[in-house]
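Listed in order, the protein sequences are those of chains C and Z. Under the working numbering, the first sequence has 73 at position 73, and the numbering climbs by one with no breaks. Under the working numbering, the second sequence has 74 at position 74, and the numbering climbs by one with no breaks.
Because the hints were derived from the structure by calculation, they are not lab data. Every value quoted in this text rests on a predicted model; they were computed, and no experiment measured them. Beta carbons are placed, not taken as given, at the ideal position from N, Cα and C, and that holds for glycine. Do not take every clue at face value.
Unchecked claim - Derived CB-CB ranges, DEER-like: (1) Lys78/Z to Asp21/C: 24 to 30 angstroms; (2) Asn133/Z to Thr61/C: 17 to 23 angstroms; (3) Ala50/C to Ala153/Z: 18 to 24 angstroms; (4) Asp66/C to Glu4/Z: 38 to 44 angstroms; (5) Ala153/Z to Val64/C: 41 to 47 angstroms; (6) Lys67/Z to Ala90/C: 51 to 57 angstroms; (7) Lys24/C to His38/Z: 27 to 33 angstroms; (8) Asp21/C to Lys81/Z: 33 to 39 angstroms; (9) Thr21/Z to Glu63/C: 47 to 53 angstroms; (10) Phe85/Z to Lys68/C: 52 to 58 angstroms; (11) Asp32/C to Glu79/Z: 28 to 34 angstroms; (12) Pro25/C to Arg2/Z: 52 to 58 angstroms; (13) Pro2/C to Pro88/Z: 50 to 56 angstroms; (14) Pro132/Z to Asp32/C: 29 to 35 angstroms.
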Amino acid sequence: MPSTFEIVANIISETCDIPRDTIKPESHAINDLGIDSLDFLDIAFAIDKAFGIKMPLEQWTQEVNDGKATTDQYFQLNNLCTRIDELVAAKGA
Amino acid sequence: MRLEYFQLIDRIVDLDLAQQTICAEARVPSTSTIFEGHFPGYPLMPGVLLIEAMAQTSGWLVIAVTKFSRMPFFAALKEAKLRSFVHPGQSLSLSAKLLHEGSGYAVTKAEIRCDGKLACNAEITFRLVEFPNPEFRASMEKMAAILEFPVGALAHG
């Protein structure tokens, strides 16, 4: 079974036409991969569908805007995958 | 339709919150300055306006599903197909289904039929944001009344 990172990386690669081998767990979706907010909507849609979750993007964005979180916490891929795993676990609880 | 006001649907005829679908109707005006240019001697409803009509239909569905808490703004269009010509005076049946309500975005699938025949269809993505100001929200509520948007259905959905 592919890991969360493998699934997310493949989604990003296919959605944004980014070579798969350039996408690393430590990559930052915005700063390193250059994904803009509109492309991220497509990615979010694909992730939500793939994992059966609803990523709380509005809440994350608000926290970043309020200075309560950094973009690294949500948009660095290893952190994003941790959030996804938490959402999947919460769904099954 | 009042093309000059960008009002591209006339009436919401069905809203099903359980199925997350909406149906609307519209009649293409017989005359409009738009048809003088699109095209001289062969007036056609512009495809971009058909797409906007699908977006408006979808938008009212999103407003219903989010219970008037968010305003959907057209963000992306995929797999848009303009399948047949639409002429002045024709009546259109518009429908949309919510594919996904995400956090801050929504995706719909929409289509327009003309005389029962599929005229166009597309997948549309919206950004969902809080209404920017009370005046704007009030204008949308006014438009909802004009379109016979079933506000009562929201309370029971």
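Hint by hint, here is what the structure shows:
1. Lys78/Z to Asp21/C: 24 to 30 angstroms: holds (27 angstroms)
2. Asn133/Z to Thr61/C: 17 to 23 angstroms: Holds - the Cβ-Cβ distance for Asn133/Z and Thr61/C, about 20 angstroms, lies within 17 to 23 angstroms.
3. Ala50/C to Ala153/Z: 18 to 24 angstroms: violated (32 angstroms)
4. Asp66/C to Glu4/Z: 38 to 44 angstroms: Given about 42 angstroms between the Cβ atoms, the range holds.
5. Ala153/Z to Val64/C: 41 to 47 angstroms: With Cβ atoms ~36 angstroms apart, the hint is violated.
6. Lys67/Z to Ala90/C: 51 to 57 angstroms: This hint is violated: roughly 24 angstroms between Cβ atoms.
7. Lys24/C to His38/Z: 27 to 33 angstroms: violated (49 angstroms)
8. Asp21/C to Lys81/Z: 33 to 39 angstroms: holds (34 angstroms)
9. Thr21/Z to Glu63/C: 47 to 53 angstroms: violated (34 angstroms)
10. Phe85/Z to Lys68/C: 52 to 58 angstroms: holds (54 angstroms)
11. Asp32/C to Glu79/Z: 28 to 34 angstroms: Holds, since Asp32/C and Glu79/Z (Cβ atoms, about 30 angstroms apart) stay within the stated range.
12. Pro25/C to Arg2/Z: 52 to 58 angstroms: With Cβ atoms ~53 angstroms apart, the hint holds.
13. Pro2/C to Pro88/Z: 50 to 56 angstroms: holds (53 angstroms)
14. Pro132/Z to Asp32/C: 29 to 35 angstroms: Roughly 32 angstroms apart at Cβ, these two residues keep to the hinted range, so it holds.
Hints 3, 5, 6, 7, 9 from the list above are not met by this structure, while the remaining hints are.
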